[in-house]
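**Q** With chain A fixed as given, assemble chain B with the ligands onto it according to the hints.
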Amino acid sequence: MPGDAGRPAALMARDVSVRYGPVRAVREASLTVGAGQAVALIGETGSGKSSLAFAVARLLPRSARVTGRVEIAGTDVLAADWRRFRGERARLLGCVAQDAMAALNPVLPVGRQVGELFAVHAGMGRRQAAAAASAALASVRIDHPEAVARLYPHQLSGGMRQRVMVAMALALRPPLVVADEPTTALDVSTQAEILGLVAELRERVGSGLLWITHDIGVVAELADWAAVMYAGRIVETGPVEAIFDAPAHPYTEGLLLTRRDLRSGAPGSPLFQIPGAPPARPDEAPGCPFMPRCPRATAVCAAREPPLLPLAGRGEAGHQAACHHPAPPGAPPAPAPARARTAAP
Amino acid sequence: MARAMMRRLVFGLIAVTGVAVLAFLLEFVVPGDPARAIAPRAQSAAVLANIRAQLHLNQPLVVQFASYFGNLLHGDLGMSYVQRQPVAALIGPRLADTGALALAGVLAEVLIGGTLGVLAARHDRVRAAVGAVNLVLLAVPVFVLGLVLLLVFGYQLGLAPVAGGAGPAQIVLPALTLGLIGAPWYAQIVADQVQEALASNWVRTAVGKGLRDGYILRRHVLRNVLSPVLTMAGMDLGSYLSGVVTVEVVFVWPGIGLLAYNALQNLDRPVVMGTVIVGAVAVVAFNLLADLARMLADPRAREEA
Ligand SMILES: Nc1ncnc2c1ncn2[C@@H]1O[C@H](COP(=O)(O)OP(=O)(O)O)[C@@H](O)[C@H]1O
Ligand SMILES: [Mg+2]
Numbered sequence: 010m011p012g013d014a015g016r017p018a019a020l021m022a023r024d025v026s027v028r029y030g031p032v033r034a035v036r037e038a039s040l041t042v043g044a045g046q047a048v049a050l051i052g053e054t055g056s057g058k059s060s061l062a063f064a065v066a067r068l069l070p071r072s073a074r075v076t077g078r079v080e081i082a083g084t085d086v087l088a089a090d091w092r093r094f095r096g097e098r099a100r101l102l103g104c105v106a107q108d109a110m111a112a113l114n115p116v117l118p119v120g121r122q123v124g125e126l127f128a129v130h131a132g133m134g135r136r137q138a139a140a141a142a143s144a145a146l147a148s149v150r151i152d153h154p155e156a157v158a159r160l161y162p163h164q165l166s167g168g169m170r171q172r173v174m175v176a177m178a179l180a181l182r183p184p185l186v187v188a189d190e191p192t193t194a195l196d197v198s199t200q201a202e203i204l205g206l207v208a209e210l211r212e213r214v215g216s217g218l219l220w221i222t223h224d225i226g227v228v229a230e231l232a233d234w235a236a237v238m239y240a241g242r243i244v245e246t247g248p249v250e251a252i253f254d255a256p257a258h259p260y261t262e263g264l265l266l267t268r269r270d271l272r273s274g275a276p277g278s279p280l281f282q283i284p285g286a287p288p289a290r291p292d293e294a295p296g297c298p299f300m301p302r303c304p305r306a307t308a309v310c311a312a313r314e315p316p317l318l319p320l321a322g323r324g325e326a327g328h329q330a331a332c333h334h335p336a337p338p339g340a341p342p343a344p345a346p347a348r349a350r351t352a353a354p
Numbered sequence: 671m672a673r674a675m676m677r678r679l680v681f682g683l684i685a686v687t688g689v690a691v692l693a694f695l696l697e698f699v700v701p702g703d704p705a706r707a708i709a710p711r712a713q714s715a716a717v718l719a720n721i722r723a724q725l726h727l728n729q730p731l732v733v734q735f736a737s738y739f740g741n742l743l744h745g746d747l748g749m750s751y752v753q754r755q756p757v758a759a760l761i762g763p764r765l766a767d768t769g770a771l772a773l774a775g776v777l778a779e780v781l782i783g784g785t786l787g788v789l790a791a792r793h794d795r796v797r798a799a800v801g802a803v804n805l806v807l808l809a810v811p812v813f814v815l816g817l818v819l820l821l822v823f824g825y826q827l828g829l830a831p832v833a834g835g836a837g838p839a840q841i842v843l844p845a846l847t848l849g850l851i852g853a854p855w856y857a858q859i860v861a862d863q864v865q866e867a868l869a870s871n872w873v874r875t876a877v878g879k880g881l882r883d884g885y886i887l888r889r890h891v892l893r894n895v896l897s898p899v900l901t902m903a904g905m906d907l908g909s910y911l912s913g914v915v916t917v918e919v920v921f922v923w924p925g926i927g928l929l930a931y932n933a934l935q936n937l938d939r940p941v942v943m944g945t946v947i948v949g950a951v952a953v954v955a956f957n958l959l960a961d962l963a964r965m966l967a968d969p970r971a972r973e974e975a
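These protein sequences, in sequence, are chains A and B.
Numbers 10 to 354, taken from the working numbering, label the letters of the first sequence in order.
Numbers 671 to 975, taken from the working numbering, label the letters of the second sequence in order.
Extracted from the complex, chain B is given alone in its bound form:
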């Protein structure tokens, strides 16, 4: 098991490096001049040339590449072009807020999707309704759902703040958006697994032993559904930690996603690179954690590894 984990760790490192290199090269393909973005009203070519020189943008690509990745090896993500602050200092506090949103979002999708899935598996009439809800949720774009929730619960009903920012009240709507977008996938998996379990011989054994339905569902059936759900939740957590751009922008949630969005618009390359690298690390790390969780939940997976 430890060896399998080591192997995955190495693959993860390779994946993160690959993503970083690709992102770095892509930034030079994207048209646009960071110097102009920094000083949009500067008329003189000399001013712009001066800015470029300060940011070492006039050096060949190879030199810039070597210098960026050399610094990266020492844990230095560089300085923001626009905000004149270390990228790490910009990302740090936002990582906590994005983490909170990611966790709340995953919790919401597991709860909503899990409940829908169990209901669909147990009641034929609910299944059709859940299927329809799933279809609708799958078809709605994230930002539309976010805006609708904001309109209804924020403006119409006044139940949630609309001003943006991070806080316990502000987290509800973006988390609900993430939860509703992700719920159909969980509902599908949970419904399939619960249904399969309910028709299984081991549930028949449990019924034969005189156990109650609720007990069988909780202790026997859901225990079997746990491992695929944990795997999915871990992967979602990783990808949400890399910044849920749309949701953060719609709800002005000051996380990594909003930071990345603004940095992209300003051509603030070091910040874009920083968010990409942090995101890639998060995805890899949480995939690993998801594997570990699956092994804890399923004794058979422990031995396969």
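Extracted from the complex, chain A is given alone in its bound form:
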């Protein structure tokens, strides 16, 4: 996979599984983000994207059981001593959460919250940390950073709050940034701003990026590589061009049909929806979890869950799909029972 040959991969996740009691939210997911590379993780709500993201950050609640192997810039995350890792984490990765309002302490000024990072990790005093916080806020193109630093989260707009989150995530120039649907709560023009900002900053810092989204429209602009998640599994992965030009998994094909162009800015609901919903407990049935919604399903799909395998006869290296009947390259998309959504019920 692409990325700097000299540096270790920003993220290497192998067979990561997450379970909450009996619910298996992530099942044997493997994912690599090369140094300085941008990878998009795509999937509907509930497919396990956040669980995977917080599992690699080791930030899941105690009720979650995580297995597998995770390395960030060569550091083994899951095996590391909890106390030591807690101190190191912010140097290894920065997180941008979906809901910045909930992710910021409501009763502390945002400058203090950014400044803490420098106080803890660079041993700065109060004044110095405040100055560094203002500089960090300026670096995410916040005007009058000293004044903004004194404000509380509820006094900022959604876009400004997300900028504060981006500033915190990149403050220590970590090798990996994990952004969990960071633009979902924002309006379209603010989405584009944050997107541009993250793309520019991570390039300047040289961080790898794991960008989580359910909106496949933004993927092409931002990512080199994409992974599609369905019902806790990665069902297709490969270079973004390969995924967009020649999707192999019927779920990916469906997602591409739901895409709306961010720049043409058509707001509201997508024009197309994949019929049906993901299974509530995908691990209970033996077959492919997408089968009930799949236009190409056959008997074998009900019997066995397909493993993630390289696609034979394709030019793109690393393009893999978990499907018994992957679309042949160059096949027209739009599977059979695709229903256009013309009017709201």
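Don't take every hint at face value.
Residues on chain A that point at chain B, a partial pick, calculated with CB under 7 Å [to be verified]:
1. R98
2. C104
3. A194
4. G226
Derived from the structure by calculation, the hints contain no laboratory data.
In this text, a Cβ means the ideal position worked out from N, Cα and C, and glycines have one as well.
**A** Coordinates of chain B with the ligands only, in the frame set by chain A:
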């Protein structure tokens, strides 16, 4: 914010006036003759009639009402029937002692309840124990708890004075009584709030930043719990300042509560009225202060006002 405060001040004045009027009228409903209370052994009706005349008790209710509230407007609380001293002079020094006890009591309940609450929120095993302690404390009447503490620490162990009076040594047991009675409420609020905070996204952010648990608890979590606790503490302070009668009686603490208790028994109406009015003012004033404190602690509350 200033306008909201003004509005509350006006409502507070109305509340104090209402309480005073109600208390005044109630005193005439309560059976009993102050003249008999003042001169219990006086046999002759003439003596009693003379006392009544001196105290203007023979005048119609309307006249007494007008004269009392007329004086009150000039800041005059009247004279004690029994002690023959101005009511203000009786209340003044006791207010300081009651204030000391109220402050110590609130401090005790915040410390005890806060500690129990934080422990309960963080350790599952402690939570059950704290819940049981809370139930017991809630079920015990104040005077029983006071007497038990007095028996154990005063008489059995000899660790605290039993003679009564106001002083740094004498304050410990009554303050502890107030603290233990109030602690369950604080423990409940603090436990709920801390638990909610610990599960919040912003604590996850703080953990992600590499901050230590103790630091997160002190700087992030407790900062969020501060405003409900301040509100409760302010309100408690007000109500304790109006006289914690039971505790003051059990420990013979010479405060407003003890004064009010004795005045009620002697039918010393001006003193009863004085303690009621001072108490109402204290409750209103500290509710206002609690609101102000909450606004200082929570930036969101500042803007709502
Ligand atoms: N803390 C949790 N406890 C129990 N179940 C959870 C928890 N977090 C997520 N889940 C479940 O795990 C599955 C995946 O959720 P999530 O990782 O949030 O998906 P996504 O981010 O793709 O929407 C869902 O079925 C969700 O209900
Ligand atoms: Mg999510």
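**Q** Now, for every hint given, state plainly whether the structure supports it.
**A** So, going through the hints one by one against the coordinates:
Checking R98(A) against chain B by beta carbon gives a least distance of about 6 Å; that is within 7 Å, so the hint holds. Residue-level restraint check for C104(A) holds (minimum Cβ-Cβ distance to chain B is 5 Å; threshold 7 Å). Of the supplied interface hints, the one on A194(A) is violated, with its beta-carbon coming no nearer than about 13 Å to a beta-carbon of chain B, more than 7 Å. Using the Cβ-Cβ criterion of 7 Å, the hint placing G226(A) at the interface with chain B is not satisfied: the shortest such distance is roughly 26 Å.
Hints 3 and 4, counting from the list given before, are not met by this structure.
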